[in-house]
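Protein sequence lines correspond, in order, to chains A and B. Mind the numbering: the first sequence is residues 1 to 506 in the working numbering, read in order. Mind the numbering: the second sequence is residues 1 to 298 in the working numbering, read in order.
Please note that the accuracy of each hint is not assured.
With a Cα cut of at most 20 Å, we get these calculated DMTMM-like pairs of lysine to aspartate or glutamate [claimed, not checked]:
id : chain 1 : residue 1 : chain 2 : residue 2
1  : A       : K144      : A       : E65
2  : A       : K227      : B       : E221
3  : B       : K236      : A       : E272
4  : B       : K86       : A       : D305
5  : A       : K229      : B       : E150
6  : A       : K232      : B       : D200
7  : A       : K152      : B       : E221
8  : A       : K324      : B       : D75
9  : A       : K230      : A       : E173
10 : A       : K152      : B       : D234
11 : A       : K225      : B       : D234
12 : B       : K6        : A       : E65
Just so you know, these hints were derived from the structure itself, not from any lab. All figures in this text were calculated on a predicted structure; none of them were measured in a lab.
Listed below are the residues making up each chain.
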Amino acid sequence: MAFNSAKVFNAMNRNTFEMPPGVVTSGNLLDVLQGFVHELRAAGLPVSMTENLDAMRAVEYIELEDRASFKSALAATLVKHHQHWPAFDTVFEVYFARWSPGVDGDENSDSSNDDREAPEGGGAGKQPGGGGGGEGVSNEDLAKMLMQALMKSDDEMLRNIAAMAVSRFAGMEPGRPVGGTYYLYRTLRQLDLDGVAEKMMSTSREERDAPDDALAERLASDDHKMKIKKFKEMVEEEIRRRLIADRGVEAMARTLRKPLPEDVEFMHASREEMLQLQRAIEPLTRALAARLAQRRKRRRRGQLDFRKTVRHSLSYGGVPLEPKFRNPRPSKPEIMVIADISGSVASFARFTLQFVYAMAGQFSKVRSWVFIDGIDEVTRFFEESDEITEAVQRVNSEADVIWVDGHSDYGHALEIFAQRHMGEITKKTTVIILGDARNNYHATQASVLKEIRERSRKLFWLNPEPRGYWNTGDSVVGDYGIYCDGVFECRNLRQLETFVSSSFDA
Amino acid sequence: MAMRFKSVADVTERLAAVDYLADANIAGVIYLADRLEKPVLIEGPAGVGKTELAKAVALITDSRLIRLQCYEGLDEGKAIYEWNYKKQLLRIQADREHERDWETVESDIFSEQFLLERPLLAAIRSEEPVVLLIDEVDRVEVETEALLLEVLSDFQVSIPELGTVTGNQRPIVMLTSNNTRELSEALKRRCLFLHIDYPDLDREREIVRVRVPEIDDALAEQVAQVVRSIRALDIKKAPSISETIDWARTLLYLGHTQIDPQVITDTLHVLLKYQSDIMKARKEIGVDSPLPIGPKRS
Numbered sequence: 001m002a003f004n005s006a007k008v009f010n011a012m013n014r015n016t017f018e019m020p021p022g023v024v025t026s027g028n029l030l031d032v033l034q035g036f037v038h039e040l041r042a043a044g045l046p047v048s049m050t051e052n053l054d055a056m057r058a059v060e061y062i063e064l065e066d067r068a069s070f071k072s073a074l075a076a077t078l079v080k081h082h083q084h085w086p087a088f089d090t091v092f093e094v095y096f097a098r099w100s101p102g103v104d105g106d107e108n109s110d111s112s113n114d115d116r117e118a119p120e121g122g123g124a125g126k127q128p129g130g131g132g133g134g135e136g137v138s139n140e141d142l143a144k145m146l147m148q149a150l151m152k153s154d155d156e157m158l159r160n161i162a163a164m165a166v167s168r169f170a171g172m173e174p175g176r177p178v179g180g181t182y183y184l185y186r187t188l189r190q191l192d193l194d195g196v197a198e199k200m201m202s203t204s205r206e207e208r209d210a211p212d213d214a215l216a217e218r219l220a221s222d223d224h225k226m227k228i229k230k231f232k233e234m235v236e237e238e239i240r241r242r243l244i245a246d247r248g249v250e251a252m253a254r255t256l257r258k259p260l261p262e263d264v265e266f267m268h269a270s271r272e273e274m275l276q277l278q279r280a281i282e283p284l285t286r287a288l289a290a291r292l293a294q295r296r297k298r299r300r301r302g303q304l305d306f307r308k309t310v311r312h313s314l315s316y317g318g319v320p321l322e323p324k325f326r327n328p329r330p331s332k333p334e335i336m337v338i339a340d341i342s343g344s345v346a347s348f349a350r351f352t353l354q355f356v357y358a359m360a361g362q363f364s365k366v367r368s369w370v371f372i373d374g375i376d377e378v379t380r381f382f383e384e385s386d387e388i389t390e391a392v393q394r395v396n397s398e399a400d401v402i403w404v405d406g407h408s409d410y411g412h413a414l415e416i417f418a419q420r421h422m423g424e425i426t427k428k429t430t431v432i433i434l435g436d437a438r439n440n441y442h443a444t445q446a447s448v449l450k451e452i453r454e455r456s457r458k459l460f461w462l463n464p465e466p467r468g469y470w471n472t473g474d475s476v477v478g479d480y481g482i483y484c485d486g487v488f489e490c491r492n493l494r495q496l497e498t499f500v501s502s503s504f505d506a
Numbered sequence: 001m002a003m004r005f006k007s008v009a010d011v012t013e014r015l016a017a018v019d020y021l022a023d024a025n026i027a028g029v030i031y032l033a034d035r036l037e038k039p040v041l042i043e044g045p046a047g048v049g050k051t052e053l054a055k056a057v058a059l060i061t062d063s064r065l066i067r068l069q070c071y072e073g074l075d076e077g078k079a080i081y082e083w084n085y086k087k088q089l090l091r092i093q094a095d096r097e098h099e100r101d102w103e104t105v106e107s108d109i110f111s112e113q114f115l116l117e118r119p120l121l122a123a124i125r126s127e128e129p130v131v132l133l134i135d136e137v138d139r140v141e142v143e144t145e146a147l148l149l150e151v152l153s154d155f156q157v158s159i160p161e162l163g164t165v166t167g168n169q170r171p172i173v174m175l176t177s178n179n180t181r182e183l184s185e186a187l188k189r190r191c192l193f194l195h196i197d198y199p200d201l202d203r204e205r206e207i208v209r210v211r212v213p214e215i216d217d218a219l220a221e222q223v224a225q226v227v228r229s230i231r232a233l234d235i236k237k238a239p240s241i242s243e244t245i246d247w248a249r250t251l252l253y254l255g256h257t258q259i260d261p262q263v264i265t266d267t268l269h270v271l272l273k274y275q276s277d278i279m280k281a282r283k284e285i286g287v288d289s290p291l292p293i294g295p296k297r298s
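Take these sequences, add in the hints, and give me the full structure.
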């Protein structure tokens, strides 16, 4: 085996000596890396033993002074899912925060740094808590400097400005139990980046020959947006660095820990997380499509495959002992999705509709219904709309789902569904119902499900509620569950994935 | 150890010499792949240069590129090796006349000359340096993935009739995936992971200039800017690098030296392949974009 731990250990010790100041205060790189890997695991990343060793070996080969290579080496060995990258990025920035480009991050010498790199900003960092501290530079000057730096994309300057802005506006106090977002908000509010963006627009308008050029306008605006976004990240980085100095690496890593995309709960997803989920759903529906097709392919045999039979017969000296068959062409599965879109599952419903939309793209025969206390078929909205947002909007505004009062009534909705569509369910149809089965104490009409199950190939129920809440209060999922081929808790992508991969094998 | 590269910078330089502009991350991972002797799994959207990277690496290391294109239904007969059964049949027929005993016949027909080499075995047995590219590995079924594991971790293949074949050298192995499905953990564990994304503005401009040498700098800059703005839109399929290059070429052939909304509208189909995307881009930055806005806007 090529890995030699003693050798690595020596290399680490040697390298610690050459490490840039502030990376490791005590212990050696090996310890820091172990802490780092530990934190990655705590954040939910599946880092195996092999990968851990690979990372150790990898850092042996790179120049530790080169932060970018160091980071990419760790990423290449430890992170094997692209959607885990943000989580890795956060942990990396926390663990190796002091070792950043530009401003050397030791807090004690803040003022001297500012003196050296931004002469006008002398000593802005001296008073971490003092609001409008910086002598020599007024807020207006700072804004002007910021704009110039942004226009020129002067990264070093921007980093200095970020440091000054944080010193001046964030009002950070040691030991204060406030999150980084609070400081970020305070800093950004004072900086008025929207105003800066507008000024940048007018400046570039003046610099152009043709001020009315719409295309140039648009390109400039996109360009400025990117630059400002980058600057915001610098401010964030600066705040994080100071918080780490105050609270220590482990504590900071803990507070910054966020669920991985596959663990984000549909019901509580933020807008940004929702967008991520939307992107992640598509491969999942493809997997679902593949699963459904594969199963059929394996089950039945097709025609005799002469070539394979002869080839195989050679194992027995030319006697065709074992006939081989062609795989049959997989037939397209039919899917019916019935989704609750009432208030209690509103955010889940948004996700549900995305899931249905993505499925409609994969399967030729997906039909979908939504209900609250009435039920309406919405297949046409998904077929006619090119875009998910448009489709969802049409579902929400045009679908006729309210019968009496707009409180979920599973019983009535299912009954109507049975009256209208029961005859269309065949042995090829898989029926998926999405909802929390909170029925507002109406009649359940569970017999409808019984009939659906008898007629269909499979009947599944996905419930967005935690399992512990099932069958409490007005939840009647148990009454329905006995007639289903499976009832699944489905609160995040991981659970949805489990559903997709497990339930279609049987 | 192979030691094909001296340093990360060396990788970047040599790749640039064959017109592949790698960013720090790409170069770093290729360098590590050489040092750690591990396969690289490359993921990313279609058309960002995953396959190109393998070709470029083969070129700079003076290696032969052996490519295994994956597809659904790929089996070991197509990926590793296969016995040439027709020839074996012929041999058995021919041997009948000589009344040879079974042992001789058996050792005869399961020998080198009846073995059909497929890409993986070819890569292992190759005498000359090799870059092995396993393209679009996400297209094979999970069960077939297992075929690759032995090759990837130990670089050897077991053939029941012949024994284990081990490679003479460790080639650079690259797998690409368009991420249409999640690959198995076992496969991922054996690989270094490289995610290639759309390039940033500067890199894209450089790529355009390198790949379309006749273009002037101002136009290249504009091309890169417009493409970046289009990618920022919420569209089904963002333009890939290869489409950016095609677009730059198209502009040159049509004799445009400047991009304006009309030009964009006329040539959008080179960048975007969905009608809804084209309509959207037209609305946002093409001729249908809102009228020029004066300095006063609020």
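Each hint, compared with the structure:
no.: 1; hint: A/K144 x A/E65; in the structure: violated, 34 Å
no.: 2; hint: A/K227 x B/E221; in the structure: holds, 16 Å
no.: 3; hint: B/K236 x A/E272; in the structure: holds, 18 Å
no.: 4; hint: B/K86 x A/D305; in the structure: holds, 16 Å
no.: 5; hint: A/K229 x B/E150; in the structure: violated, 45 Å
no.: 6; hint: A/K232 x B/D200; in the structure: holds, 18 Å
no.: 7; hint: A/K152 x B/E221; in the structure: holds, 16 Å
no.: 8; hint: A/K324 x B/D75; in the structure: holds, 15 Å
no.: 9; hint: A/K230 x A/E173; in the structure: violated, 25 Å
no.: 10; hint: A/K152 x B/D234; in the structure: violated, 28 Å
no.: 11; hint: A/K225 x B/D234; in the structure: holds, 16 Å
no.: 12; hint: B/K6 x A/E65; in the structure: holds, 17 Å
Checked against the numbered hints above, the structure violates hints 1, 5, 9 and 10; every other hint is satisfied.
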